[in-house]
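**Q** Residue numbers (my numbering), protein chains in the order written: chain U, 1 to 722; chain V, 1001 to 1339.
Read the hints as simulated data drawn from the structure, not as lab findings.
Please note: incorrect hints may appear among the correct ones.
Computed spacing ranges between beta-carbons, pair by pair [what the hints assert, rightly or not]:
#	chain 1	residue 1	chain 2	residue 2	range
1	V	L1208	U	C404	49 to 55 angstroms
2	V	D1113	U	G65	35 to 41 angstroms
3	V	Q1076	U	S140	32 to 38 angstroms
4	U	S381	V	A1210	33 to 39 angstroms
Now the stretches of chain U that chain V is said to cover, found in silico as 3 or more residues with beta-carbon under 8 angstroms [to be verified]:
#	region
5	85 to 91
6	98 to 111
Since the structure is predicted, the reported quantities are computational estimates derived from the model, not experimental observations.
We put the CB at the ideal spot given by N, CA and C, even for glycine.
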Amino acid sequence: MKRSAKGLRAFRVRCELAWVAVALAGLSAVAGADNPPAFRTGVLPLLTKAGCNAGACHGAATGQGGFKLSLLGYDPEEDYERITRERGGRRIDRAAPAESLLLRKSSRQIEHEGGRRLPRSSEAFRKVLHWIEAGAPYGSRELRVLGIAVSPDDVLLPSTNRSVSLRVTARLSDGSREDVTRLALYSSNDDAIVEAGPQGEARVIGPGATSVMVRYSGQVAASRVASPFGGAEVMNPLAASEHWIDRQIGAELKRLRIPGSGPSSDAEFLRRAHLDVIGRLPTADEARAFLLKPRSREDRQRAIDALLQREEFVDFWTMRLADLLLISGRRGSEEATRVYHEWVRAQVARNTPFDELARALLTSSGRLSADGPSNFFTLASDPRDMAEHAGRIFLGAQIACARCHAHPTDRWTQEDYHRFAAYFARVSREGDFIQSGERGEVEHPKTGEPLEPRPLGARASTAPQGADRRVELARWMTSPDTTQFSRAIVNRVWRHMMGRGLVEPVDDLRPTNPATHPGLLAALAKDFVAHGHDLRWLIRSIAVTRAYQLASRTTGLNRLDDRFYSHAYLKELPAPVILDAIAQVTEVPDAFPGYPEGARAVQLIGTRTPSYALDVLGRCSRDAACDGGGRRGGGLALALHLINGPTINARLRSGVVAHLLAQGATGREMIEELYLRAFTRRPEAAELAEWERMFASASDKATAAQDLLWTALNSREFAYNH
Amino acid sequence: MNRRSTLLQLGLAGCLAIAFSPNAAASPASDPNPKAESSATPITALAFSRDGLALVSNGPRRLDVRSPREGAVQFQIPCNLPKITALAFHPRGEILAVAGGEPGVRGEVRLFDWRTRAVLRSFTNAEDLATGVAFDAAGDLLGIAAADSRARVWRVARTNASFSEAFTLSGHAGPVLAIAFSPSGNAVVTAGADRSIKVWSTADGRLLRAFSHHLEAVNALAFRPLAAGPVDARIFSCASGSDDRTVRVWQPEVGRMVRIIRRHRAPVFALAYSHDGRSLFTAGKEGIIRRFDADSDTLLSEWTTHTDWVYALAISPDGSKLASGDWSGAVRVRDLPAP
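Extracted from the complex, chain U is given alone in its bound form:
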């Protein structure tokens, strides 16, 4: 493989850094010079630290230069064979160990495109040499690293450019513990906040908090490193709030010295709560009623409770769950999709506990066109694909990497992955039927042996022979002990409400990607389980907090905060929601083929209903995950469409403007009405004056009202939930 000159230079710079680390690594790693190191625990970590088995080097899927190693050493036995035995054992020379190709290449005594990885003067070089001199033994097959711990695991540094030295301890299967700080790999989850050095130094670059991911011998851990935004302590009312969620948010803001924004106005709250809870704007009348007087916290709670009982809540959260479950209509008949959608809708209406809903989906069988949840298994026919879907949907986990090799950033091995997939091996689709039989296996990709199913992270399956494997899976997955299940859904709902997940991305929950507020996520999940996996309870719990009800306006210093909830984050309206909002404001509903007049976009079943507006607005196709929740379109096409296209322009003349004109509304009344409809607020004085001037100078009131409406619908204030 040839690299460009520039790429090669960069590559070599990395190599230099790597070998400095490896040289130092050897200082601590070479112990007991008379005892040859075991390959798995004594040699492979050196090669990993040197970068030999990184994805850009021999750890690539096809290796480099005809030499392939497993990515980051996930398969020690195979690596051992490749190093010692492949191609007639060309890479080591037991008769003249120092002449081994492994050493000559890695120390660049002969040309090595990867540069110098193990300098001859390093202890690491000597350790590998010693190992070859001893006959290149594998060592004990049983000895392995069971886990690693990093300390400190959570640290606040006082300012930028300060650093902390992380210490990593490995726990081995023989009961011993080993300091592997010099051999572990470090990477920052956000280089703009913390820079991770090759020897475990974490240096703060900018204010905020992120995690340093630590990897060693197939195990992972993370350390949270933070630095305050400001130098002075800030008082944050959230810290003293009566609500436990607020207190946790407030404590972190205080720790990081981030001032909080003030509370949202009643208008902002009402608009935000409507869009978040029921996916539509308040009507002008609803806005007028709520804004009649200043509202107390109790008034706001009552408003939230009322929203949770609205029919639109059911439509909106059915859509959100359909997004999660990828109910697109492309995997089954129109009738089956409708039945599936209606089943989900019924669960939302009934407020079925989320664990119960998950169990129903995971264990479903039957006729697709009659048994709604059975459509869950149309997501994929291959058990591995199905396992990836289930992992993403219910555990917020991306396990696909482990299909081909040990997960580089998580703890899953190939065996973990395929055993998990084995739960779905006996599910089959025969025409319109989903059934679970007694045949079907997932085989180990290397040995070809059929694998018994096993939950992710568990040591043994408890599934009785002959039983539907999925029952065991569903039981395990929804058990209170499987905290990732509750954390995953809690995190998704939190993201929906707050604009950012406690873990991002929401489908990437793993130890090396910890939450911004680990305690809060754990507490939310626990509370969710304690309240019967009640989604309405969860939504309400979040919506009633002061944190949720903060203003989106920043105070200056918290302008840079995008993850600690010092202010409300702007949320782009999903395509169906903004299209419905345009229809609602203009009083010109969309016409969706096959649906009755007045049907809203959030009520559509699947994603096959033709709608150019939804397409250009970027609706989720549900072919793949749309966990962002926002619009997936955008760009010039969307901007031009909203400015010039029919979605807005075709609704200006008729609808609300015509109705207001027919009612003989004055210019001021029209301005107020349109503001309330679009923004859930009355115009400010300056805005009112400007629009009244426009109305006065316009050729007619209709033209001025249309201009106002067009302007409102093309504004950022309208397009975002703020």
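With the hints as your guide, set chain V onto chain U.
**A** Frame of chain U; chain V shown alone:
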């Protein structure tokens, strides 16, 4: 010696050293205790001398000349190549070709005068290990496979044993791991880490065809001798052993794959046909030597006499011995019963 008898007497070498006898026949019931001899160097090359009086293996920067009956080292021939990968005797038995080199740096083939043990000539123009070496049936061509992705063919002058480069075979996308000449004399076949098998004309070095059926690297090649009957170039078949755990049988000069043997559970590194062409011996990562009926692919015997990867197989000229060598340095010699 006419061409026909030369073919029958010599057999042809594959990648990791193969030799076979016109008199050989094997019995699946035969399972004598093998004799063993070990060294610290993986045994990647084995060859019986043409007179059957010596078994030669690679050693650490030397050649070990062993007893053909039990494999014990009798004496050594210095050969300071860091790695020795393959051996091949010239059909007339006077010259031993030794392939090897310095991994990642250079490849080399040395020709030894088998009578005096003197080095007659070195071929040093490969940029990585020479991985395979073979003479054609008439002894007129010397083929060298190398890890630098090329193979080279040298022409041997009968009069004064001088060599001239005939052609370089360029076309593999990775190390060439095996080379063998068709008994027809018309083609030379190479196999490589790029999973391909390529057939080249011995007349001009032109690529005749390529096979890409193997799913992993192809480690070994062996042509099947014809025991009797008319010789038709089109029916010469060649076996290939691969990391994909299969042995495939080809008719290179027809251009088709004939069969697949799927009885291996791990990569195959070495192949040898019995001299009568009725049996095919295979070995590899499993450490198991298997004997197949070359017509039906029926597994006749399997012997687990090695505890490590087996890289080399060789059959004595009289067909009575099968030698094998593994990573640990063990060389084992097994008696093969007379037909």
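**Q** Taking the hints in turn, state whether each one holds.
**A** Evaluated hints:
no.	hint	in the structure
1	V:L1208 with U:C404: 49 to 55 angstroms	37 angstroms, violated
2	V:D1113 with U:G65: 35 to 41 angstroms	37 angstroms, holds
3	V:Q1076 with U:S140: 32 to 38 angstroms	36 angstroms, holds
4	U:S381 with V:A1210: 33 to 39 angstroms	36 angstroms, holds
5	85 to 91	holds (count 6)
6	98 to 111	holds (count 6)
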